[in-house]
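K.L.:
When you get a sec, could you build the whole thing from the sequences and use the hints?
Chains as they are written, first to last, in this note's numbering: chain Z, 1278 to 1745; chain F, 1278 to 1745.
Which copy? The list can't say, so a pair holds if one copy fits it or any two copies do.
Pairs of lysine-lysine, DSSO-like flavour, derived with a Cα cap of 30 angstroms: (1) 1284 / 1639; (2) 1477 / 1602; (3) 1466 / 1602; (4) 1602 / 1480; (5) 1410 / 1399; (6) 1466 / 1477; (7) 1480 / 1466; (8) 1349 / 1651; (9) 1313 / 1349; (10) 1313 / 1284.
Read the hints as simulated data drawn from the structure, not as lab findings.
There are 2 protein chains.
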Amino acid sequence: MLTYTFKKDSGISLYEQLYRHIKEDILSGKLKAGEKLPSKRALSGHLEVSVITVKNAYDQLVAEGYIYGIEKRGYYVSNMERPLSASPAACVIQEADEPTWFLDFVTNSISAEYFPFTAWAKLMRRTILEQDKALLYAAPYNGAAALRNAIADYLHQFRGMTVSPEQIIVGAGTEFLYNLLLQLLGRDKVYAVEDPGYSKITKIYESNGVALQQIELDENGLSALQLRQKNADVVHISPSHHYPTGIVMPITRRQELLRWASEGEDRYILEDDYDSEFRFVGRPIPTLFSVDENEHVIYLNTFSKTIAPSIRISYMVLPPHLLHKFRQNLSFYSCTVSSFEQYTLASFLSQGRYEQHLNRMKNRYRQKRDKVIKLIQEGDLSRRSEIMEQDAGLHFLVRLDTDLSDRGLQERAKQNGLRLALLSDYYSRPECAPPHILVVNYSGIELDKLSEGLRRLANILEEKEDVR
Amino acid sequence: MLTYTFKKDSGISLYEQLYRHIKEDILSGKLKAGEKLPSKRALSGHLEVSVITVKNAYDQLVAEGYIYGIEKRGYYVSNMERPLSASPAACVIQEADEPTWFLDFVTNSISAEYFPFTAWAKLMRRTILEQDKALLYAAPYNGAAALRNAIADYLHQFRGMTVSPEQIIVGAGTEFLYNLLLQLLGRDKVYAVEDPGYSKITKIYESNGVALQQIELDENGLSALQLRQKNADVVHISPSHHYPTGIVMPITRRQELLRWASEGEDRYILEDDYDSEFRFVGRPIPTLFSVDENEHVIYLNTFSKTIAPSIRISYMVLPPHLLHKFRQNLSFYSCTVSSFEQYTLASFLSQGRYEQHLNRMKNRYRQKRDKVIKLIQEGDLSRRSEIMEQDAGLHFLVRLDTDLSDRGLQERAKQNGLRLALLSDYYSRPECAPPHILVVNYSGIELDKLSEGLRRLANILEEKEDVR
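P.N.:
Here's what the structure looks like:
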């Protein structure tokens, strides 16, 4: 009969030791397929363990399929096809380290020191206290009502948009919402994006394998003519403030686009209003959504850019007929944002904290932008640069005077610890871009390093392209 | 010249009033396309407002494209194609109200009273304090390192899985991860799901428009034979504990599946280990992932089911070559879970709180299940029912004795305030399902209403189908 020894102080229960022994014998082939195992009582007596220990071990082996029981006859070894072995130690390629930059002109990080962390933390604590167990229940698919109400109020007051909270769908980031929109509008459509534009959007469409057209911009942004030529169905734009050119689409263009959309039942404009909060001059530009009369515009915005990148809360506003379709086809998806953060943000909005925060941010960013521009104008770089556009929210453009190619420039900058984004980086065909235009994302720039960083850049500009 | 009156106490700045007046005149056609506007100085004198007020109004109109400026000549009205009007009041269909149930056997809600809310709230507060501004920075695409480390430790200790934290990708819910997996594995693949099965998974595949095969289960679950017959490339299974049948896939089947997967380079098994924490008998079943030697298994699990549905944190474990592919193709996606919740959960895991919580939950659910079963066995329903499977985690199956059809049964139950799930609800072809099998999701059932609910159900069972 099966004979095993048991360890007393191993911390492993007797039943588990027995289970392991038998399993080992099955895997090694010592116990053959179809072989009958001793009865529970017999093995219990033989090994001097309780019947329940044997029972538990057999049950586990049955549950995992190593043995099987036949009523009134007993237990038999299963037909194992090949011995199993432990998983090989995971051989994982380590991720390449990001280089550490002396100065990073690319990452548009919200400066953490600007965020009213104390107020936010207070709201978080109050949310824990007040919402209590409500935090344990999932929000509805479209987001917590409190948050959708607060967003609708905000849109009404600050974007002049009249929307019902029902039209708002909350999700964990705009990228996630785009994945939903592809499912809502259909993968059989031709999607169009701005060129130059935000490359992540292109990546999302490509990664989802839908037909994609790049639409070249002129000085007023995207034109409906090109949409027609390229048979686009759905176009993704940022009319209030295009990144990285900073173009504000004029009203005539907007009307052209709306007319284009109204000409086809399945034509839609995805209006990404990202960054519109940080326009520094004049009133905010009315949204396309609010002038659209034919339910062809979907409005999107995010709090990740204005509060903190770790706050993954975005939303979209659907026109009524699409809302209806969303409920029918996509409301099975659970809301991706935790209730806790939704309630916290709802309070932040409804108590006017968000407005305060935006105003404070606008002032600070304006000051920061002015300082960055002043340092550029005062240093060595000034002789070799021209600031092109100062009204473009959290970034501006600088034309550089150099003989280097854009790639050569970036490569040398990298060797000097500088991370640069150039306008050509945002073109689907970089060779078609105007060269040497630096996109300065200034919000994350450390001012105390800037003079040195600009000095390095000025030196690089004087270099010549290697003849390789 | 343009003549407007201004309101003094309207709270609207002069420049904005002027902007609105001119815009209105353009939209109404009073000011015609191409018409020249008065110079800023002239209009300022005429209206008795400052030049800067006129300048701001003109700038805003230029920014929005209503007028345009020509250097050294002045400002002209743009060519408006049609008058814009305010967006029509959003006409939104209100969402239908969910019926209120007397007793709900369907929703498998985690009982909020079981959750260690005080401990969790404490950890939340500590996270606010300790992480401070780190909370404002976005986690990397794959999740915060602290959380991935904690998950890797947990998997090692409680699931016997040796994985590197690098292999773990954190996301806001399993549904979101499935959307990523479709992009990772490719939409050109044939996906296969278990039939019966969890309908949400089917919906996700359908909504993403990929080829989908339903694979019928036998008493041991899904078989590789059918995968071959249906030319499946990727199969989605819950081998540790299938919902709703409760089948635990025996080791022979698992080996069959692994062999099937190893025969094709692009064949993958998505192992959804959801609910495996609540097996009440014996040791947990080893995962397919841990016995796979050929990198063909992707492991998925979630904390939404074990902690609270509002905690939208799931994760998947990728084999090394897929991790490599993920980094190349999909790491541009931002992590969908807020840093705050990731840090809180990481502490909850690494302080052993999660283990404690699971043990407590298991005990409480076992007790609750026993009470529910006892009430079924003691009441009127006992004569017309047979409890089929008691080991299936958070639900069990009851065979009902009735002449009613499944739909008739559900309809009558609804009229009596009872929400029932029947096994046939989980079949792609309900007519092929064994009838009258009730799926009792007991975790959310209110015990004090249960006797009355069961009495109502017993009465319904005696009814005859209407002859309509």
